[in-house]
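Colleague: Chain A is fixed; fit chain B onto it per the hints.
Which chain is which? The protein sequence lines are A and B, in order.
According to my numbering, the residues represented by the first sequence are 1 to 336, in order.
According to my numbering, the residues represented by the second sequence are 1 to 336, in order.
Just so you know, these hints were derived from the structure itself, not from any lab.
Source: prediction; values computed, not measured.
You may find that some hints are simply not true.
Copies of the same chain are indistinguishable here, so a pair counts whether it falls within one copy or spans any two.
Below, a list of computed lysine-lysine pairs in the DSS-like style, where the Cα atoms sit at most 27 Å apart [as the list claims (entries may be wrong)]:
(1) K185 / K73
(2) K2 / K148
(3) K74 / K256
(4) K185 / K74
(5) K256 / K273
(6) K2 / K117
(7) K185 / K75
(8) K248 / K272
(9) K191 / K73
(10) K322 / K198
(11) K73 / K256
(12) K247 / K273
(13) K302 / K273
(14) K185 / K148
There are 2 protein chains.
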Amino acid sequence: MKIVVDAFGGDNAPQAIVDGAVAAVAAREGLEVVLTGDSEKLNALLEGRSRNITVLHAPDVITNDDAPTSAVKKKTRSSMVVGLDALASDDSVSAMVSAGSTGALLTGGFMKLGRIKGISRPAMAPMLPSLSSQGVVLCDCGANADCKPVNLLHFAIMGTTFYTAMTGKENPAVALLNNGTEEHKGNELTKQAYELLKQSGLNFIGNVEARDLITGAADVIVADGFSGNVALKSCEGTALSMFSLIKKGINEGGLKAKIGALLLKPVFRKIKKVMDYGENGGACFLGINKVLIKAHGSASAKSVCAAVLQAAQLAEAGITDKIREGVAGFVSETAE
Amino acid sequence: MKIVVDAFGGDNAPQAIVDGAVAAVAAREGLEVVLTGDSEKLNALLEGRSRNITVLHAPDVITNDDAPTSAVKKKTRSSMVVGLDALASDDSVSAMVSAGSTGALLTGGFMKLGRIKGISRPAMAPMLPSLSSQGVVLCDCGANADCKPVNLLHFAIMGTTFYTAMTGKENPAVALLNNGTEEHKGNELTKQAYELLKQSGLNFIGNVEARDLITGAADVIVADGFSGNVALKSCEGTALSMFSLIKKGINEGGLKAKIGALLLKPVFRKIKKVMDYGENGGACFLGINKVLIKAHGSASAKSVCAAVLQAAQLAEAGITDKIREGVAGFVSETAE
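If we strip away everything but chain A, and leave its shape as in the complex, we get:
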């Protein structure tokens, strides 16, 4: 199993990316990683740790300031595009991971790999932490700002496949992100999507509100990319803000608070682990012809490692073929 990793994407590149790749090959037997980026710098960082790791030279870098489409077209020697080209042209490469510009990765992934037949809109889906389950897949979390009802049906099919590939659970519970739980609730989009989902044959359990994203009320939560993005960033932002409030309170609370914090350290550590949005790997770009994972822009070595292992797991599970099969039954009725 060979996986390409964009070694120059993200805030902590290349150090965290290299460390994450080294950890991933150590953790999984038979895994090979191809790092893309400046070969001199990468070889220096790999010094003595290059077992099962090769380097593909790419002198250029796409940044978040680059306009996605023109960057993918013009920066052909960037670590991201060299990686995408390898993924698209080399049959021995099963998947790719990048912590770089989301827009460029979406554009590039779509352009270079093409979409699965029947899926009108590929989507971004992270596996999010939840309180009471193995995690929640949110699909779409930001690839499609404007959606039609049929897109949400496809997101449900892809999210279901993704969830099963990650957790082994067949027929996961799918819910629609809405502004109320009752069937008649919603905007024009969700009202129509509700009807499609009800008739889909998926394990559709109805509407959930945004507060259920974290409680684990459903395994797969379907949303248009705008609302999904709002939900994701609200949860993440609130969790981070609460951690910083606790930290501030402890710092300003004198000796008593500091001793209290010390005694509660195991509790805080556990909560941080539950609420860690990097712990479960990255967001999968579902609906294109190979496995492509977007790691968090501020991914640490640990989350890069998780994302690489996740990519391997998804490739091994044959998620692309499974989405192709899953959508095939719907194509004739619903494709645009």
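Modeller: Just chain B now, kept in the frame of chain A:
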């Protein structure tokens, strides 16, 4: 200043409503409260505490299970409708507070009080806690699931007026809830709304992401009611989940954790105060011809008191007239 309070709306009615009303009249000189609901029950609860409080008999109750429009039309003797009728017909009544069904209150408020000329869509706006400012107004948080760009402009005007009335700060910073901070980001709705807001003459500072709802990056955040609802419930849900994780961790952490929790009690209490979505009163239904406040369904006596005092403050500030003036400049160009 006379304020009507629906004494039979919300999970903790009538006890918490009566206690909140009693606390409010004690806290503000010259405030009178009219409680609507079963007079026998209310008089029993008020026993000896009825200074500046009168009761308006209403034997019926609208519940969350009632369909909003038909409930408002048919349950004419319900505590909510009797209150709305008093607000609409009695010039001496300045405002109303209810913790009852949001849908019924929106429908009833709109039907009985009418909308301000030039405002096509009234909106719900809570004052949310934030880390670095006096709070954030989110407008709309759920009244309008589908919006046009001009609605968002009106939300910005109303939100600005609301913020100033609540905090005294003139010209508060207005931002648009979006899926990225760059100007070109967004869905069709936010891209067009951005242009209107840029030319509005308001203190428009651009896009914010959902994670900034809590950081206080803007004073007023404008959103369609669907996304606003998603953002609000995500933040609230995450905060509640984290509190329950902390509680669970302490309960399961043995003596050490319990001592730690005791030492950190002042820190936790402070955080709970910052993150308390009831602390700042209720959500204001902006754009109708009188002040109408929706308190949280699970409002405690403390939040009912806060909502009543907020209603008094908004009525005293003449918010309805100010919104009328604020929108007047835009009416000819932008009204539907």
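Colleague: Of all the hints numbered above, which does this structure not satisfy? Sort the numbers upward.
Modeller: Numbers 2, 3 and 11 - these are the hints that the structure violates, sorted from lowest upward.
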